[in-house]
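Given chain A, work out where chain B should sit, using these hints.
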Amino acid sequence: KAGVTQTPRYLIKTRGQQVTLSCSPISGHRSVSWYQQTPGQGLQFLFEYFSETQRNKGNFPGRFSGRQFSNSRSEMNVSTLELGDSALYLCASSMDRGNTGELFFGEGSRLTVL
Amino acid sequence: GQSLEQPSEVTAVEGAIVQINCTYQTSGFYGLSWYQQHDGGAPTFLSYNGLDGLEETGRFSSFLSRSDSYGYLLLQELQMKDSASYFCAVWAPDGANNLFFGTGTRLTVIP
Numbered sequence: 001k002a003g004v005t006q007t008p009r010y011l012i013k014t015r016g017q018q019v020t021l022s023c024s025p026i027s028g029h030r031s032v033s034w035y036q037q038t039p040g041q042g043l044q045f046l047f048e049y050f051s052e053t054q055r056n057k058g059n060f061p062g063r064f065s066g067r068q069f070s071n072s073r074s075e076m077n078v079s080t081l082e083l084g085d086s087a088l089y090l091c092a093s094s095m096d097r098g099n100t101g102e103l104f105f106g107e108g109s110r111l112t113v114l
Numbered sequence: 115g116q117s118l119e120q121p122s123e124v125t126a127v128e129g130a131i132v133q134i135n136c137t138y139q140t141s142g143f144y145g146l147s148w149y150q151q152h153d154g155g156a157p158t159f160l161s162y163n164g165l166d167g168l169e170e171t172g173r174f175s176s177f178l179s180r181s182d183s184y185g186y187l188l189l190q191e192l193q194m195k196d197s198a199s200y201f202c203a204v205w206a207p208d209g210a211n212n213l214f215f216g217t218g219t220r221l222t223v224i225p
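Keeping their order, the protein sequence lines are chains A and B. Take the first sequence: its letter number 82 is residue 82 in this note's numbering, and every next letter is one higher. Take the position in the second sequence, starting the count at 1, then add 114; the result is the number in this note's numbering.
Derived by calculation from the structure, the hints in this document are not laboratory data. Among the hints, erroneous ones may be present.
What the hints assert, rightly or not - What follows is a list of derived Cβ distance ranges for each label pair: (1) A:Leu-11 with B:Leu-168: 36 to 44 Å; (2) B:Tyr-184 with A:Arg-30: 31 to 39 Å; (3) B:Glu-170 with A:Phe-69: 36 to 44 Å; (4) A:Gln-18 with B:Ser-181: 43 to 51 Å; (5) A:Lys-57 with B:Glu-191: 38 to 46 Å; (6) A:Thr-20 with B:Ser-181: 45 to 53 Å; (7) B:Gln-193 with A:Thr-100: 19 to 27 Å; (8) B:Glu-191 with A:Arg-63: 44 to 52 Å; (9) B:Arg-173 with A:Thr-14: 41 to 49 Å; (10) B:Asp-208 with A:Arg-15: 28 to 36 Å; (11) A:Ser-22 with B:Ser-117: 30 to 38 Å; (12) B:Ile-131 with A:Gly-98: 26 to 34 Å; (13) A:Lys-57 with B:Gln-139: 19 to 27 Å; (14) A:Gly-98 with B:Gln-139: 17 to 25 Å.
Note that the structure is predicted; figures quoted are calculated from it, not measured. Even glycine gets a Cβ: it sits at the ideal position worked out from N, Cα and C.
With the rest of the complex left out, here is chain A:
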């Protein structure tokens, strides 16, 4: 079956702009979570959606937001971009919290803020 698909794969923005990233989970997966990956901070949890509801949120400012649609596809938005937002944004999907610690990740959207 198809994996997790993220679009766009690469994008360049300037400070102050906003960006929207998209994630299509594996068919049947209702949980979608987002992570930010940077060389200095590693993989950090942003938020998780399940059945269109945000269930959990990491320690990120309100400029970071997201939503999930009825087909489980998810988007995340970053407003008023800062240089420090340059990162790889990863989406992961799963049925729900399982017993094996397995999440299925997409290849990410690499954001560069100039």
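Quick look at chain B alone, frame taken from chain A:
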């Protein structure tokens, strides 16, 4: 809070065995997972230890000692394609469906 520490870099020879360690501090523990990530690629799940002991999956094994808050990933018969970053991770302590990741270990396999 959650804290997972790993060595930042490890280098090993093709065909050899390498061990990547992970020590953790967490307010609630629900098992230790390992992920592999090649440059430019998605993190992919390798293994999970919910209980103490060794779990084996082909050339990869993972070990957990809950009393020591310690685990490791063992890679045998190293191949060049094993050059990647490896992350240990724990579930959020409050039952949420998200993982806290370690700092990551970059493994370089040399001929």
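### Task
Mind listing which of the numbered hints don't hold for this structure, in increasing order?
Hints that this structure does not satisfy do not exist here, as all of them hold.
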